[in-house]
Amino acid sequence: MRKRTLRRGLVGFWWLTLTFLYLPLAVVVLFSFNAANSAATFTGISLRWYRQLLGNEQIVSAFVNSMILAITSSAIALVIGSLIGYGMYRHRHRKLGWLIVLIYLPIVLPDIVFGISEMVFFVRIYDLTGLFRPGLVTMIIAHVTFQIPFVGLIVYSRFVGLDPTLFEAAKDLYAAPVKRVIHFMLPTIKPALISAFFLSFTLSVDDFVISFFTAGPESATLPIYIWGAIKKGVSPEINAIAALMIGAVAIAAFLSLLFSQRRRT
Amino acid sequence: MAYTGVTPSARSRGMVREVQHLLFTVAPGATWILIFLVLPGAYLMGVAFMTNGPYGQPQMPLSLESFRRLAGFGFLGWSPGNLYTLLRSLWQTLVSTGLVVIVAYPVAYYITTCKEKWRPILLLLVVVPSWTNQVIRTFGWMNLLAPGTPLSNLAETFGLIAPNMGLYPSNFAVTLGLVYNFLPFMVLPLYSAFEKLDNAQVEAAQDLFASPVRAFWHAVFPQTLPGLLAGIVLVSIPAFGMYVIPELLGGGKGMMLGNLVANQFGGGSNWPLGAAGAILMLIATFIGLFVMRRLGKRLGGGEEVVI
Amino acid sequence: MTITKTTLALSLGGLLLAGSVQAQENKLYIFNWTEYMDPAIIEAFEEKYDVEVVQNYFNSLPEMFAKLNAGGVSQYDIIVPSNYYVPRLIETGLVQKLDKSRLENLDNVMAQFQDPDFDPGAEYTAPYQWGTTGIVYNTETFPDAPKSWSLLFDPKVNPDHPFALMGDGQVSMGGACAYLGYGYDCTDMDGWREAAQLLIETKNRGTFSGFTDGTPALQQLARGVTHVGLSYNGDYLFFKDEDPETFENLDFMIPDEGAEMWVDSMMIPAEAPNLDMAHKFIDFILDAEVGAQLSNYNYYASPNAAAVPYLDEVLTEPPVQPSEDDMARLRFTPSLEGDALQTFQQLWSEVQAR
Numbered sequence: 001m002r003k004r005t006l007r008r009g010l011v012g013f014w015w016l017t018l019t020f021l022y023l024p025l026a027v028v029v030l031f032s033f034n035a036a037n038s039a040a041t042f043t044g045i046s047l048r049w050y051r052q053l054l055g056n057e058q059i060v061s062a063f064v065n066s067m068i069l070a071i072t073s074s075a076i077a078l079v080i081g082s083l084i085g086y087g088m089y090r091h092r093h094r095k096l097g098w099l100i101v102l103i104y105l106p107i108v109l110p111d112i113v114f115g116i117s118e119m120v121f122f123v124r125i126y127d128l129t130g131l132f133r134p135g136l137v138t139m140i141i142a143h144v145t146f147q148i149p150f151v152g153l154i155v156y157s158r159f160v161g162l163d164p165t166l167f168e169a170a171k172d173l174y175a176a177p178v179k180r181v182i183h184f185m186l187p188t189i190k191p192a193l194i195s196a197f198f199l200s201f202t203l204s205v206d207d208f209v210i211s212f213f214t215a216g217p218e219s220a221t222l223p224i225y226i227w228g229a230i231k232k233g234v235s236p237e238i239n240a241i242a243a244l245m246i247g248a249v250a251i252a253a254f255l256s257l258l259f260s261q262r263r264r265t
Numbered sequence: 001m002a003y004t005g006v007t008p009s010a011r012s013r014g015m016v017r018e019v020q021h022l023l024f025t026v027a028p029g030a031t032w033i034l035i036f037l038v039l040p041g042a043y044l045m046g047v048a049f050m051t052n053g054p055y056g057q058p059q060m061p062l063s064l065e066s067f068r069r070l071a072g073f074g075f076l077g078w079s080p081g082n083l084y085t086l087l088r089s090l091w092q093t094l095v096s097t098g099l100v101v102i103v104a105y106p107v108a109y110y111i112t113t114c115k116e117k118w119r120p121i122l123l124l125l126v127v128v129p130s131w132t133n134q135v136i137r138t139f140g141w142m143n144l145l146a147p148g149t150p151l152s153n154l155a156e157t158f159g160l161i162a163p164n165m166g167l168y169p170s171n172f173a174v175t176l177g178l179v180y181n182f183l184p185f186m187v188l189p190l191y192s193a194f195e196k197l198d199n200a201q202v203e204a205a206q207d208l209f210a211s212p213v214r215a216f217w218h219a220v221f222p223q224t225l226p227g228l229l230a231g232i233v234l235v236s237i238p239a240f241g242m243y244v245i246p247e248l249l250g251g252g253k254g255m256m257l258g259n260l261v262a263n264q265f266g267g268g269s270n271w272p273l274g275a276a277g278a279i280l281m282l283i284a285t286f287i288g289l290f291v292m293r294r295l296g297k298r299l300g301g302g303e304e305v306v307i
Numbered sequence: 001m002t003i004t005k006t007t008l009a010l011s012l013g014g015l016l017l018a019g020s021v022q023a024q025e026n027k028l029y030i031f032n033w034t035e036y037m038d039p040a041i042i043e044a045f046e047e048k049y050d051v052e053v054v055q056n057y058f059n060s061l062p063e064m065f066a067k068l069n070a071g072g073v074s075q076y077d078i079i080v081p082s083n084y085y086v087p088r089l090i091e092t093g094l095v096q097k098l099d100k101s102r103l104e105n106l107d108n109v110m111a112q113f114q115d116p117d118f119d120p121g122a123e124y125t126a127p128y129q130w131g132t133t134g135i136v137y138n139t140e141t142f143p144d145a146p147k148s149w150s151l152l153f154d155p156k157v158n159p160d161h162p163f164a165l166m167g168d169g170q171v172s173m174g175g176a177c178a179y180l181g182y183g184y185d186c187t188d189m190d191g192w193r194e195a196a197q198l199l200i201e202t203k204n205r206g207t208f209s210g211f212t213d214g215t216p217a218l219q220q221l222a223r224g225v226t227h228v229g230l231s232y233n234g235d236y237l238f239f240k241d242e243d244p245e246t247f248e249n250l251d252f253m254i255p256d257e258g259a260e261m262w263v264d265s266m267m268i269p270a271e272a273p274n275l276d277m278a279h280k281f282i283d284f285i286l287d288a289e290v291g292a293q294l295s296n297y298n299y300y301a302s303p304n305a306a307a308v309p310y311l312d313e314v315l316t317e318p319p320v321q322p323s324e325d326d327m328a329r330l331r332f333t334p335s336l337e338g339d340a341l342q343t344f345q346q347l348w349s350e351v352q353a354r
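Residue numbers (our numbering), protein chains in the order written: chain L, 1 to 265; chain P, 1 to 307; chain U, 1 to 354.
Incorrect hints may have been included.
[To be verified] Here chain U is said to cover these stretches of chain L; the calculated rule only asks that three of the stretch's residues, wherever they fall, bring their Cβ under 8 Å from a Cβ of chain U:
no., region
1, 123-135
2, 224-232
[What the hints assert, rightly or not] What follows is a list of derived Cβ distance ranges for each label pair:
no., chain 1, residue 1, chain 2, residue 2, range
3, U, SER101, L, ASP127, 26 to 34 Å
4, L, LEU54, P, ARG68, 51 to 59 Å
5, P, LEU90, U, PRO159, 29 to 37 Å
Since the hints were made in silico from the structure, they are not lab data. A virtual CB, placed ideally from N, CA and C, is assigned to each residue, including glycine.
When you get a sec, could you build the whole thing from the sequences and use the hints?
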């Protein structure tokens with residue numbers, strides 16, 4: 001008996017938590033269709049805010065910037081991070097304490113300290129040399145910096161999970177290191193690479209603070225645009241962009257579910 | 001290197017190659033982090049020891065003025081503003097982390113009790129909201145808690161807020177925003193701790209102890225400690241340095257350390273003071289990490305404590 | 001092995017190169033207040049000079065100043081600060097002198113704007129628009145609102161309706177000073193201290209909803225989030241024209257204790273990438289018809305004498321042109337420097353923190 005009430009309580013709590021998690025997002029989506037400019041009353045369904053989005057060049061360019069930033073930084077981080085992950089695995093018996101500290105640093109550093117450090121640094125370097133003009137380039141560099149550790153750790157743990165004799169076998173099969181990389185390493189860690197890329201991409205899209213501090217006049221991303229719009233006070237339009245982004249995330253979630261299910265079977 | 005008959009020179013050549021390999025794989029990433037994070041961080045630390053110029057730009061000579069300012073000493077004698085901010089940050093971190101723990105335990109446990117094929121889906125359901133951008137999630141709460149919304153009206157009838165006001169902006173809204181933002185970060189490590197749990201042991205405990213609370217406390221809780229500690233690290237460190245949520249949901253009343261720091265690089269224009277604030281934040285972060293690590297080791301958590 | 005290394009180095013170099021090349025295209029970067037520029041003017045300028053205009057926006061002067069300090073000085077060609085930030089921009093070397101030989105339309109500027117206190121001889125500035133900061137309030141909530149700062153600072157006048165103060169500390173502080181009888185443009189220690197105290201008490205009232213910048217304050221009022229706030233006369237008219245229904249119940253008022261009058265000027269940052277276009281743009285705005293078009297769009301008073309014949313009628317009456325009585329009570333926000341600025345920053349951060 002006691003067990004059943006406990007169970008019921010748990011189920012109830014679960015649904016309550018789900019409501020808590022999805023209510024704000026649902027409200028954003030709902031009010032993006034609101035005919036009136038109000039956060040409190042819903043007067044009817046309308047697409048007027050979406051229509052307003054279409055004609056807005058800034059939003060389109062913010063979207064393009066977000067995509068360039070996320071894809072480029074994830075790709076660079078994938079290369080550098082995989083290397084470091086493999087290096088950590090191959091040399092895991094050495095004393096690599098300093099490396100571990102270095103790798104964890106971007107993860108534990110508070111966003112705001114991270115972002116401001118980059119900003120102050122890039123501004124100074126630009127003053128001195130004329131390089132690193134704040135813009136997409138500086139943003140990509142900053143994003144790669146916080147993506148490397150995550151890629152490294154994912155790839156590392158994939159290698160750790162492998163049977164060590166596999167490496168010996170590969171060594172016998174492919175004499176040339178390049179061939180070994182192409183025919184053995186890459187295929188074996190492919191799932192890790194895919195999920196590392198996906199995680200890097202998500203981290204990049206999710207980031208606001210670091211982008212905000214490293215951005216230049218032409219490199220506003222969607223989150224930066226939305227932040228500006230909130231600060232400016234134009235609300236219904238934000239609902240529409242935010243709803244679109246929530247939609248994209250929902251699709252991504254669905255795809256990742258399909259992907260993981262397929263891998264399971 | 002196990003086979004015999006290798007000449008010393010070949011072995012040392014092997015060593016050289018090993019080191020080369022290590023450098024080749026590790027150096028790009030390590031250099032990248034050194035140049036683009038350690039160096040900027042060090043430079044920021046340096047700024048903290050500079051003097052604030054007449055219009056808020058860092059200048060020579062070196063001084064400890066910014067730390068004095070951070071402690072509240074200035075032209076007007078001592079004032080408590082920054083102390084308020086610090087205490088508010090600590091309080092918000094404490095309360096929100098506590099609430100996150102309270103919510104995450106049953107959720108993580110519930111997921112482990114479900115059929116195995118459902119678990120990834122349920123976990124995904126918890127995690128997906130955090131894939132949307134932080135700014136959007138916070139904006140959702142701005143919508144929900146604004147004046148005139150059902151939640152605000154409810155709070156008003158209970159006399160919890162001033163008439164015609166919303167639940168946002170307020171310190172309460174900031175706490176709520178923090179809990180919302182960080183809940184998945186606690187559920188994930190707790191879930192993996194629960195998953196490793198021996199179910200038979202739990203069942204036995206449930207029979208052994210008089211109440212489910214005691215069963216939980218004596219049989220379940222100790223085994224989930226590593227997960228809990230990992231979760232606390234993942235939640236409390238970013239919560240302490242939070243900028244976006246107090247800025248959007250606090251409405252000028254909920255300023256936290258992150259805002260103090262950011263303001264010095266924004267309107268407040270005092271880079272050295274902001275840098276000093278960043279140092280304070282770093283110290284707090286490292287103390288937090290250190291304490292958690294020690295606790296984790298003592299409680300036998302082992303490696304997984306930090307992430 | 002080395003192949004990957006070189007690719008890495010090459011791609012990094014490519015990134016850097018892309019970063020520095022970006023600046024050399026024919027573009028004009030404008031850093032302006034939100035809702036302050038007629039898109040048609042930008043289009044006309046782009047067409048006339050075959051240039052791409054990139055606009056960025058700020059909501060407050062502290063925000064603008066911070067961005068300029070953090071690298072903006074070499075990213076923007078035109079900035080549009082208000083009077084009290086001009087001296088500190090000049091002092092810090094963030095702006096450069098205008099080349100008046102390139103500004104043919106400079107004579108169009110009204111006499112009283114040709115030699116302003118904040119920039120003697122107008123070496124660095126060309127006037128853009130001028131206006132006032134006043135109290136915007138809901139006439140349904142406050143049918144008999146006093147023409148006074150007490151609507152914000154006296155809990156007896158407004159016991160239970162949400163209100164916002166200005167995000168720019170100097171304006172909020174000035175309001176508190178005016179309410180306390182020290183005058184809007186007070187800078188003495190006693191006045192400031194008392195004003196800061198009043199601000200701390202005010203922000204801790206249950207109905208205080210935040211420090212909001214001028215333009216968003218209007219959005220909050222329109223959506224009923226607040227019932228009183230601080231904003232600018234032109235923005236008020238601009239949004240009223242856009243949404244007359246909502247703004248019917250909102251009114252703009254200059255309190256009798258005095259309030260802010262400001263002049264926004266066009267300036268060129270010290271390391272502006274496109275000096276030539278920057279001057280062309282300033283001259284374009286100073287043109288009689290373009291100047292009038294700008295005022296007709298954003299509902300602010302024009303400092304351009306030649307533009308007057310082309311102005312809409314609404315621009316010749318209050319609140320765009322304040323009544324003579326109000327005009328006598330308007331003050332410029334004081335330009336702070338040195339110890340006064342540091343003291344102010346400290347008081348203001350105290351207000352924000354408590």
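Outcome of the hint check:
With 8 residues having a beta carbon nearer than 8 Å to a beta carbon of chain U, the region 123-135 of chain L meets the requirement of three or more and the stated coverage holds. With a threshold of 8 Å between beta carbons, the proposed coverage of the region 224-232 of chain L by chain U holds, since 3 of its residues qualify and at least three are required. In this structure, U/SER101 and L/ASP127 meet the distance hint of 26 to 34 Å, their C-beta atoms being roughly 30 Å apart. Our hint of 51 to 59 Å for L/LEU54 and P/ARG68 holds, since their Cβ atoms are close to 54 Å apart.
For the pair P/LEU90 and U/PRO159, the beta carbons lie near 34 Å from each other, so the given range of 29 to 37 Å is met.
Consistency note: the structure conflicts with none of the earlier hints.
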